[in-house]
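Student: Chain by chain, the residues run as shown.
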Amino acid sequence: MKPAPFDYLVARSVREAVSALAERPSQARVLAGGQSLVLEMNYRRERPALLVDINHVPGLDGIEVEGGELRVGALARHRDFEEPVARDPLGRLLERVSRHIAHPPIRARGTMVGSLAYAHPAAEWPAVAVALDARLELAGPEGVRTVRAGEFFRGPFATARRPEEMITGVRLPLLGEGSGVGFVELRRTGASFALVAALAAITVEGGVITSSRVALAGAADRPLRVRGVEEALAGDPPSDETFAGAERRAALEADPVPEPHAGVEYRRHAAGVLVRRALERAAEDLEVNS
Amino acid sequence: MRIEMEVNGERRALEVEPRRTLADALREDLGLTGTHLGCEHGVCGACTVIVDGEAVRSCLMFAVQADGGRVRTVEGLASGAGHPLQRAFRAEHALQCGFCTPGFLMLLAAALERDPGIVRDEERLRELLTSNLCRCTGYEGIRRAALRAAEEMGR
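Protein chains in written order, with the working numbering: chain A, 1 to 290; chain B, 1 to 155.
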């Protein structure tokens with residue numbers, strides 16, 4: 001349970017971090033909160049030859065509303081979202097999600113962007129990112145490029161990030177007033193990984209759902225936006241009948257992989273139930289906040 | 001690498017490999033074996049120490065990251081008759097084998113310093129206590145000890 005030897009660099013700027021990564025691509029890793037990376041190194045599943053510590057890069061910890069988006073910097077910690085960071089319903093969604101991540105000491109160090117970079121299929125932030133089709137900013141030697149969350153996640157622990165790139169931030173679109181949000185999770189103990197988690201954001205106008213964003217964690221080899229569910233919700237009232245239909249569709253759309261604690265059929269069933277509950281919460285949230 | 005940190009109020013300089021975890025640096029290099037190592041992957045919380053006011057897993061942090069920082073371990077908690085948390089743990093039978101105890105003490109010390117009101121919110125206190133694992137006495141005694149210590153510290 002001791003990491004393999006590595007070189008350690010404290011980067012003072014994004015440019016310095018990126019050029020260090022570019023010098024030894026695929027041998028270097030970025031260290032932010034370290035709450036997943038260091039445990040992987042302790043297990044020696046990760047053996048980077050170089051660790052680039054970005055904790056002292058100024059300006060990376062920002063969380064700001066810019067235009068219609070919330071921009072979250074690479075050093076914003078999970079805990080920073082425990083109080084709403086925006087007046088928009090997005091602030092409420094991020095608050096609810098953050099309280100499901102690990103436990104308080106981990107939340108004080110771990111980062112949202114680090115969780116996206118790690119790309120655990122059951123992690124909460126990646127599901128939020130695909131639901132909202134967030135845009136990730138990747139800084140490389142040639143400059144910054146932007147990748148949509150829908151294209152970013154490629155499988156378990158696999159992303160579109162190139163070895164010489166670091167993620168400097170992520171942009172989440174605001175949901176707008178008139179939106180309700182819900183997040184539910186199934187797990188074995190208080191601090192376990194989610195077996196399955198679901199989130200929903202719905203916008204209701206004139207008594208019918210005009211737009212929705214629904215996503216699952218732990219229901220596929222990567223975070224899954226259930227677009228079939230979203231399409232079926234459009235134009236329907238936020239009723240029990242509508243949500244029961246969403247439950248059936250989500251179960252069909254889920255594509256769980258076998259795992260020791262829960263078989264495929266169980267997780268498929270759970271995915272459906274959780275999507276229904278997330279939608280029910282979103283409808284309640286809308287009622288309470290409008 | 002040469003690093004310097006303040007440990008329990010004393011400046012300590014040491015030479016560490018980058019891969020040395022903070023937990024191992026405290027235990028092996030500084031002889032502070034009150035910090036325990038259980039799972040070494042961030043689950044059990046036995047290695048919890050306070051770095052710059054924050055309760056952290058010292059198995060998930062490298063000693064080089066604490067360079068220039070202030071570290072507090074269970075050895076620095078007591079003075080004289082013991083910290084209110086230590087007295088409360090004894091009074092409420094909040095420990096049995098004691099392996100997890102240093103981690104719980106540092107977790108609670110940081111939380112009470114940050115926000116003493118946490119003990120008035122049953123849900124938040126419960127959530128905080130799920131951070132660490134205890135496998136013998138159970139959590140009820142630890143919960144009562146947190147309440148007792150907070151009351152004493154608030155006086």
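No lab work stands behind these hints, which were simulated from the structure alone.
The structure displayed is predicted, hence computed values, not measured ones.
Beta carbons: idealized from backbone N, C-alpha and C, even for Gly.
Worth double-checking, as some hints may not be accurate.
[As the list claims (entries may be wrong)] Here's a subset of chain A near chain B, in silico, CB distances under 8 Å, partners left out: (1) Lys2; (2) Asp7; (3) Arg45; (4) Pro48; (5) Ala49; (6) Asp53; (7) His103; (8) Pro104; (9) Ala108; (10) Gly140; (11) Pro141; (12) Leu186; (13) Ala191; (14) Phe193.
[To be verified] Residues of chain B clear of chain A, computed beta-carbon distances all greater than 12 Å: (15) Asp24; (16) Cys39; (17) Phe62; (18) Arg90; (19) Phe99; (20) Ala110; (21) Ser131; (22) Gly141.
Student: Which numbered hints does this structure break?
Tutor: 3, 4, 5, 10, 11, 12, 14, 15, 16, 17, 20, 21
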